[in-house]
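Residue numbers (my numbering), protein chains in the order written: chain A, 1 to 271; chain B, 272 to 589.
Keep in mind that a hint or two might mislead.
[Said to hold, decoys possible] The following residues of chain B were derived to be distant from chain A, with all beta-carbon distances above 10 Å:
#, residue
1, T303
2, L404
3, V414
4, Y485
5, D527
6, A540
[As the list claims (entries may be wrong)] Pulled a few chain A residues facing chain B out of the computed Cβ check, cut under 10 Å:
#, residue
7, T12
8, P36
9, L48
10, Y55
11, L59
12, S155
13, F156
14, L158
15, V233
[Stated by the list, open to error] Heads up, simulated EDC-like pairs for lysine to aspartate or glutamate below, C-alpha to C-alpha not over 20 Å straight-line:
#, chain 1, residue 1, chain 2, residue 2
16, A, K188, A, E61
17, B, K304, A, E166
18, A, K215, B, D555
19, A, K259, B, E550
20, B, K325, B, D301
21, B, K325, B, E550
22, B, K557, A, E126
23, B, K350, B, E479
24, B, K325, A, E126
25, B, K350, B, E550
26, A, K215, A, E61
27, B, K557, B, D426
28, B, K557, B, E300
29, B, K325, B, D482
30, A, K215, B, E550
Keep in mind that the hints were calculated from the coordinates and are not lab data.
No experiment lies behind these values; they were computed from the predicted model shown.
No residue lacks a Cβ here, since even glycine has one placed at the ideal position from N, Cα and C.
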Amino acid sequence: MNDSAVRRAVYTVIGVLILVVMLFPVYWMLNASLQPSGNTLTAGFLPLHPTFSGYQRALSEQGGNLVTSLIIATGTVILSLAIATPCAYALSQFRSRWVSVGLLAILISQMIPGIVIANALYTAYERIGLLNSIPGLILANCASGIPFAILILRSFMLSLPPSLVEAARVDGAGLFRAFVAIVLPISKNSLITAGLFSFLFSWSDFLFALTLTTKGGVRPVTLGIYQYLGTQVQNWNAVMATAVLSAIPAIVLLVAAQKYIAAGAIGGAVK
Amino acid sequence: MAQATITRTTDARGTGPVRRSRGRRHRGEDLTKILFVLPAAVAMVALFGYPVVKNLLMSLQDYGLRTFFTGAAPWVGLKNYSTVVTDNLFSDAMVNTALFTIGSIAFQFVIGLALALFFHRRFPLSGVLRSLLLLPWLLPLIVSSATWRSILEQDSGILNRTLSWLHLINEPVPWLNSPSVALIAVIGVNIWIGIPFNVTLLYSGLAEIPDELYEAGQLDGATGWRAFWFITWPNLRAVASVLLMLGVVYTIKVLDIILGLTGGGPANATQTLATQSYERSFIDFKFGEGAALSNILIAISFLFAIFYLRSTRRAIDE
């Protein structure tokens, strides 16, 4: 008894060490962001004299870009969920031979490289004037949000008993009203999971930001970091401060919505 | 609240009114059902169907900067393909893509499996530690790239400083600046990014193996390595093969990390099919050639998927 308690404590210590190694880069990003600008990289392991000059610079240079990213990510969540949720419901509850066709299409879509989508959208956007626009980027980011949201939501909705909706129909509700009044409230958790991931995908997007914007007007923060990295980096503390600010959504979601994140990682992949 | 609804509705199942109302509404219903799927179908066609078709067409056209001004994109048959395939960089890019994909997946999987097995033991905090481990996977790739650029920086990066402090190296390693080590460094960073995903999926696979199997195995003397080899691995194979297939499909098209770390350099040492495709389209503005390269990328991806589907079908038949 005592022996196994010791062993488990040793496991915990090893587990913490593994985590320290794996998350060291994240710590290093935070550490570097708090160093003064001249010698950011030569800094020690602890920010003994933390300064926020990196953050000041980051906010003044990238603040607008952070807002742009926020708007795009929020828009992607709304559009992705609005499009994906009814479809996920249909794929989980309606009986039709088209269901397997739809699922196959979604799986195949995961194999399409982003650069293929960027190639085609660039030429189309160029013609219809969506280059350098927030709606254009929201639409492009739905390419990662929609299929993932459909898979997550469907895997949850498969477990909904059909009788749930049928009862509402007895009371005279149409299919759509029953969907809104019954299915949506019950699916709250999976909607949150799908929404969180759509947000992260869109917030993290770099490829579409890089290819579908050509001039400075609309610039998500990922592109801002890339441009910082473009040539010899002058101000590492500002770069790392921007990186920390861009990492905040991921960190917040991981801490606040732990169970949704793990559920999403598994639900989206094993299908 | 939800509980109450469920109880009430189970009673209503199969009673008369449901059936009757169904018949009456049947036609309008079919229309509504279509409306449920229509937006997603349109979106999928616009965001995936159109790009694939457009890329196929562009790859057969002289689609370049001029096209954007004059609208002219003359058909050139397979010329774009022959141009990109005979380019000196093509074989390098193919080899790099293969090394990047195989190297990333092999290490992500082995390390991921080791960590999943470790966290599968029950000990205090294992759940919390395991979920914090997901962080590298959730960070924007460009954030990870920036962080690793600072860690791998040749003169003052913390990695070289630590290694020389430990007397493991005599002079700083030019991780991202030397053609001979840049690809290794890029693969290393990608392994770091992919480990959490592998741990999570393999852990969920491990959690599904019933404890009774191990208890029964123990009676037959299957413990330690033997338990892994005769119980864990056979039961984990399905999850492992899905994971490896997803790994190939996702890794082969990686672009962000490479662009952020090296931009394909130094001296094209980290060019892959994806970075080449990007450069031809968006740096050289030769969309026809870029499309040809990305179609080759899709074709390779599909080959893997078909291979995977056939092997799983065979597994089911057995």
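Hints versus structure:
Under the 10 Å C-beta cut-off, the non-interface status given to T303(B) relative to chain A is violated; the minimum distance is some 5 Å. With 10 Å as the threshold on Cβ separation, the claim that L404(B) sits away from chain A is violated: the shortest Cβ distance comes to roughly 6 Å. Non-interface call for V414(B) relative to chain A: violated, since the shortest CB-CB distance, roughly 5 Å, does not exceed 10 Å. Look at Y485(B): its CB is around 16 Å from the nearest CB on chain A, clear of 10 Å, so calling it non-interface holds up.
A beta-carbon of chain A comes within 10 Å of the beta-carbon of D527(B); the shortest separation is about 5 Å. At roughly 18 Å from the closest C-beta of chain A, the C-beta of A540(B) stays outside 10 Å, upholding its exclusion from the interface. At its closest, the beta carbon of T12(A) sits 5 Å from a beta carbon of chain B; the interface hint therefore holds under the 10 Å criterion. Contact between P36(A) and chain B, as hinted, is not supported at the beta carbon level, the nearest pair being about 14 Å apart and thus beyond 10 Å.
With a least beta-carbon distance of about 15 Å to chain B, the hint placing L48(A) at the interface is violated under the 10 Å criterion. Because the beta carbon of Y55(A) sits about 15 Å from the nearest beta carbon in chain B, more than 10 Å, this interface hint is broken. Using the Cβ-Cβ criterion of 10 Å, the hint placing L59(A) at the interface with chain B is not satisfied: the shortest such distance is roughly 16 Å. Below 10 Å, beta-carbon pairs count as interface contacts, and S155(A) has none with chain B, the closest being about 13 Å; its hint is therefore violated.
Interface restraint check for F156(A): the shortest CB-CB distance to chain B comes to about 13 Å, outside 10 Å, so the restraint is violated. A least Cβ separation of about 16 Å between L158(A) and chain B goes past the 10 Å threshold, and the interface hint is therefore violated. Below 10 Å, beta-carbon pairs count as interface contacts, and V233(A) has one with chain B at about 7 Å; its hint therefore holds. Between K188(A) and E61(A), the direct Cα distance comes to roughly 38 Å. Violation of the 20 Å bound is thereby established for this hinted pair.
Taking the CA atoms of K304(B) and E166(A), the gap is near 15 Å; set against the 20 Å cutoff, the hint holds. Between K215(A) and D555(B) the alpha-carbon distance is near 17 Å, which keeps this suggested pair within the 20 Å criterion. For the given pair, K259(A) sits about 40 Å from E550(B) by alpha-carbon distance, which is inconsistent with the 20 Å threshold. This hinted pair does not check out: K325(B) and D301(B) have alpha carbons roughly 32 Å apart, beyond 20 Å.
Of the supplied pair hints, the one linking K325(B) and E550(B) holds, its CA atoms being roughly 18 Å apart against a limit of 20 Å. For the suggested pair K557(B) and E126(A), the alpha carbons sit about 15 Å apart, so the restraint of at most 20 Å is met. A hinted pair counts as satisfied when its Cα atoms are at most 20 Å apart, and K350(B) with E479(B) does not qualify at roughly 52 Å. For the hint linking K325(B) to E126(A), the alpha-carbon distance of about 14 Å falls within 20 Å, and the restraint holds.
A C-alpha spacing of about 18 Å is found between K350(B) and E550(B), which places the hinted pair at or below 20 Å, so the restraint holds. Simply put, K215(A) and E61(A) have alpha-carbon atoms about 16 Å apart, close enough for the 20 Å limit, and the pair holds. Distance check on the hinted pair: K557(B) and D426(B) sit about 37 Å apart at the alpha-carbon level, beyond 20 Å; violated. Between K557(B) and E300(B) the CA atoms are separated by roughly 49 Å; this puts the pair beyond 20 Å, and the hint is violated.
The suggested pairing of K325(B) with D482(B) is violated, with an alpha-carbon distance near 52 Å, which exceeds 20 Å. Distance restraint check for K215(A) and E550(B): the Cα-Cα separation of roughly 18 Å lies within the 20 Å cut-off, and the hinted pair is therefore satisfied.
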